Every structure is written in C-alpha cells, then in structure tokens.
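> Each chain, letter by letter, is given below.
There are 2 protein chains.
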Amino acid sequence: VETTLRSTGEAVAIAPDLPTVLIGERINPTGRRRLAAALAEGNLDLVRTEAEAQVAAGADVLDVNVGAAGIDEMSLLPQAVRTVMDTVGVPVCIDTANPQALRAALRTHAELAPEGTPLVNSVTGEEPRLNAVLPLVAEFGAAVVGLTMDDGGIPSTAEERLAVACRIVERAEGFGIPRHRVIIDCLALAVGADSAAASVCLQAVRLVREELGLNLTLGASNASFGLPDRDAVSCAFLAMSIQSGVNCPIVDAAKVRPTILATDLLLGRDPFARRYIRAYRERQKSRQ
Amino acid sequence: VETTLRSTGEAVAIAPDLPTVLIGERINPTGRRRLAAALAEGNLDLVRTEAEAQVAAGADVLDVNVGAAGIDEMSLLPQAVRTVMDTVGVPVCIDTANPQALRAALRTHAELAPEGTPLVNSVTGEEPRLNAVLPLVAEFGAAVVGLTMDDGGIPSTAEERLAVACRIVERAEGFGIPRHRVIIDCLALAVGADSAAASVCLQAVRLVREELGLNLTLGASNASFGLPDRDAVSCAFLAMSIQSGVNCPIVDAAKVRPTILATDLLLGRDPFARRYIRAYRERQKSRQ
Chain A
301 VETTLRSTGE AVAIAPDLPT VLIGERINPT GRRRLAAALA EGNLDLVRTE
351 AEAQVAAGAD VLDVNVGAAG IDEMSLLPQA VRTVMDTVGV PVCIDTANPQ
401 ALRAALRTHA ELAPEGTPLV NSVTGEEPRL NAVLPLVAEF GAAVVGLTMD
451 DGGIPSTAEE RLAVACRIVE RAEGFGIPRH RVIIDCLALA VGADSAAASV
501 CLQAVRLVRE ELGLNLTLGA SNASFGLPDR DAVSCAFLAM SIQSGVNCPI
551 VDAAKVRPTI LATDLLLGRD PFARRYIRAY RERQKSRQ
Chain B
301 VETTLRSTGE AVAIAPDLPT VLIGERINPT GRRRLAAALA EGNLDLVRTE
351 AEAQVAAGAD VLDVNVGAAG IDEMSLLPQA VRTVMDTVGV PVCIDTANPQ
401 ALRAALRTHA ELAPEGTPLV NSVTGEEPRL NAVLPLVAEF GAAVVGLTMD
451 DGGIPSTAEE RLAVACRIVE RAEGFGIPRH RVIIDCLALA VGADSAAASV
501 CLQAVRLVRE ELGLNLTLGA SNASFGLPDR DAVSCAFLAM SIQSGVNCPI
551 VDAAKVRPTI LATDLLLGRD PFARRYIRAY RERQKSRQ
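Protein chains in written order, with our numbering: chain A, 301 to 588; chain B, 301 to 588.
Heads up, a few of these hints could be off.
Copies of the same chain are indistinguishable here, so a pair counts whether it falls within one copy or spans any two.
The calculated SDA-like cross-link candidates involving lysine to any residue, where the alpha carbons are at most 25 Å apart (straight line), are [as the list claims (entries may be wrong)]:
#, residue 1, residue 2
1, LYS585, PHE525
2, LYS585, THR349
3, LYS585, PRO319
4, LYS585, THR387
5, LYS585, ASP531
6, LYS585, GLY389
7, LYS555, ALA337
8, LYS585, GLY492
9, LYS555, TYR580
To be clear, the hints were calculated from the coordinates, so they are not data collected in a lab.
The structure displayed is predicted, hence computed values, not measured ones.
Produce the complete structure using the sequences and hints provided.
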C-alpha cells in the first residue's frame, strides 16, 4: 500500500519498504508559548521560520496546527497553510478538530496546489467525526489519519484498536476514499502513567500492519510525557515503533532524525548506508 | 526459561519478562590500547578500575577477556577473573577462545565462589569447539553463550542461525547441561558492510525466542562498526533487539544504559517507571 502526498513541490511516497517519512510536528502552539502568542496576534512569521527549519532538519511533510484558546482557526488555519505552502514545497498535514476550519484550509490547499494531496489529521472512529471529516477528505481528494479511538474512548487492547482501524477504513471506502489514502495512528500514550501504554500501542501497530497492510503514523513523543530525559525514551520508542510498522511518525526532526536514519539503516532500507552517511555529513557541515 | 548467574555476591536472574541484564564489555583489550599494554605487562590495575566503573554505571555481569597478541591467557585469564571477583561481587562472563585458559579460569572461579555459576563466552556450532568447551561447562556447572555459527561460517539466513542454535542446545543437553543454561548470540555484524546484517540478526533473535524460548545475548555495538555517530546506531539497534528478544546484551553500560532502561520501560517491564527514574536521579547526582 502506497500513500502519495503532494503540495506544490515533489510528491512524497509513504510505503512499508521505503525509508521512513518524517512529519514535522513543530507548527503547533500546544506547549510552545512563543508560537501560541504570535498566532494569537495573527503573526505567521514563526510559522514560516519553523517551516524552513524543519525542512532543513529533514522533515518530509509538515503538520500544521494552530488550535489554541483565543485563536479563530477558521480564519488562521488557511492562512497558516498558505504561509507554509508559500515557504516550502513539502506536503502539508492539516491538523485540526474543527471541520469548518478544515474545509477552509483544504480549499486554500486546492487553490495553491490543484493537483496536490494533503494529509488530514485526523478522523477517529466516533460517528460524528467520521461523518464530518470523511466527506471533506473525499471531496478534496486528500489522505487522512485515522486515530484508533471511538465513542467508547481509547481501547485498552491492541485487538480493539485494530477493530477501530478496520471500521475507519470501511467507512472511508464508503465515502469513496481508497484504503491507501488512510494512514492509521495507534495512539502513543504516556508510559509513565500506564506501564502497558507503549507495549499495547506497539502490538496494535503490528496488528494493523499485518492485518490491514496500511501505512502508520504515531506521535511517538507522547510516550515520554512527564518523564525525565525524554529523548532517550522517544528514540527507543521510535526505533521499536518503526520496527513494528510505523513508517511516517510525527516528530521533531531536528531531535530524532539520526535515530530514524539509523533505524532505517538497521532494517535494511538504506543500502551502503548512503542516506545515513550523507545526513551525518550535512549535520557536521551545518555545525561548522 | 531462567538462567541464574552467580559469583561471590547476589545472584543475577536472566529471563524474558525480567528487566534486561547488562553484561559489561569493557574488560577486553581489543581496540583498547592502554588496557592491552597494561595486560601485556601483567598489570591488572585497569581491570580493577574498569570492574568498579562498569558496576557503578549499571553493569549486572562483567565480561572478562584478556586475549591479545603477546598475552599468555593461560596465566593471565585466571588472574583477571580473580581480580574482578576480589573487586566486585557481580557474576563473571569468562570470555576466551582458549580451552586451557578457560579451564584455569573456571577453576579459579570455583575456588573463590564454590556455589557460583559463571557464564562461559562462548561455544559455536563447530564440532571441535563443542567438544572442547561443553565438557568444561558441564564439569564446572557453568552457563554458556552459544554463537550461531558453525563449520560453514556464519549463516546468511535467520532460519539457518536458528538451526545452529538448536544443535548447540542439543549437544549441550548431551553433555548434561540443561537448556536453561544456554544463552544464544545471533551475531550482530556490521550493517555498513552488509545492509541485511542487522535485519537477519533481529529475525534470528525472534525465531530463537519463539521456537526455543531461550535467553539471548548480543554484542550490539558490532552493528555500527565503521559508521559515524555509532551511538545512534547502537541505541536504535539495542531497542529493536530487546524488543525482538535479546535480554542480556553485551554493552558499554555507561553509554547505553539510559536506552536500555527506556526500552524496558516501554515494554512494560518497569512499573511506575521506578528503575528508569531512580537511574536518572543517580546519574544526575554523580554529575554534581
């Protein structure tokens, strides 16, 4: 199964045997006070800076989220998408819980990249979300992230998360969205709060890959929430989740790209270590 | 399957659902010029220092290898084992390719710890090695590392490595060594030289764990040989190999313990993150 995303620049292909695709997570005001304040004033300079910095650090796709208290997403999300698309050519992942803001942002995307395929982040297995988001994904020819949670919340077993993933795919197909345009997120929760959180997630990832064959994303840094030395946890979790089937994680590229390149190398997806060594040299050069 | 090792101090248990056991690799002259020079002069001060430092860094077992050009292992290996056992109480992994030196070191170990169980590193599936090493392991009630290689060299497929592991276990049982005292090493080779090296090893680890249920060690740092930023590769490989079934890797504890603790935490082997947080606090304290 191959998912192809495209903005104004080159298309990015996501598939199990290709190198891991990095979705940059930093255009998101949650936990970033300076960005939140700028966005609240309608100032998109930091969005531009973060877009450039993340692509330079190796992000292949950029998540764009402007949701925070005091922000009118309906107006700001399309502007932020436009700013990103004006700044860099990589595909965009439109991240919002607001269907009207999503529609407006998808329209902006379609204007700037009529042949493009953005990624919509996200739909869940909840009925109202399925019915609000999937028609927009279908109308604009987008791809969509499906979170494995439904009206009952986040299932505590891997099998139940697989069942939610199955239902999202079925419902997407019912709206005319082919399954290769659905990317599943098995939901990384804080392992400090629940010691089974990561292992259930990894098991769900393996099940979705084996049973559905779909591409998988994950917000891997959530696992380390509340713990000291979060990077050690994030890097170990990324390596294990990529081994289990995650192939387009949402990450801070500057922090975790070496680990992801090392993981791809170890899984045999980087013949002669070409990508690994090239990225190492570029990091060395940029430090000089 | 549980393997219990013991020297003069507390026993160390190795089993699939217990926290990962770290075998400290640093008492080994290969690639360590200063240690090699000291050993060639019969000076064991550095062996003592390395023993203390590795235990302080979280090593649970210490590998002892004094093999290098110009060193009489027959005389020095028992001395080094004695030095380690006089310095720290953790179990010892006696690492030599010389059966006579192995016998002498096992005798020293038995004198100092009559109730002890050392680990012998290693036997292979090669007939002469099996016949030279296994009788000593049986005589001294030791445990043994079995490398998945035989007279034909290192097999290129995971299935063939499993077959070698099976044969080592059978031969060990033939000598009266119970299978729980055999630990398998699926052989990490340099991924820079062969892009399938790590994935074949990880697959072999999964097969040995699933088919034989045995405990598994691995010299994980070999995978990154010849590459820049080796620690990124080692850490990713350790996380993946522990997820696959390795539970007593041979490592530089000071470098990789945070990754191993994070991996155990993520795999649900560290309720309430107690070990992870305690180790973090100890590292912070030792830096002050």
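> Does each hint fit the structure? Answer for all of them.
Hint check:
| no. | hint | verdict |
| --- | --- | --- |
| 1 | LYS585 <-> PHE525 | between (32 Å within a copy, 22 Å between copies) |
| 2 | LYS585 <-> THR349 | within (20 Å within a copy, 38 Å between copies) |
| 3 | LYS585 <-> PRO319 | within (23 Å within a copy, 40 Å between copies) |
| 4 | LYS585 <-> THR387 | within (23 Å within a copy, 45 Å between copies) |
| 5 | LYS585 <-> ASP531 | both (23 Å within a copy, 19 Å between copies) |
| 6 | LYS585 <-> GLY389 | within (23 Å within a copy, 47 Å between copies) |
| 7 | LYS555 <-> ALA337 | within (24 Å within a copy, 39 Å between copies) |
| 8 | LYS585 <-> GLY492 | between (37 Å within a copy, 22 Å between copies) |
| 9 | LYS555 <-> TYR580 | both (13 Å within a copy, 20 Å between copies) |
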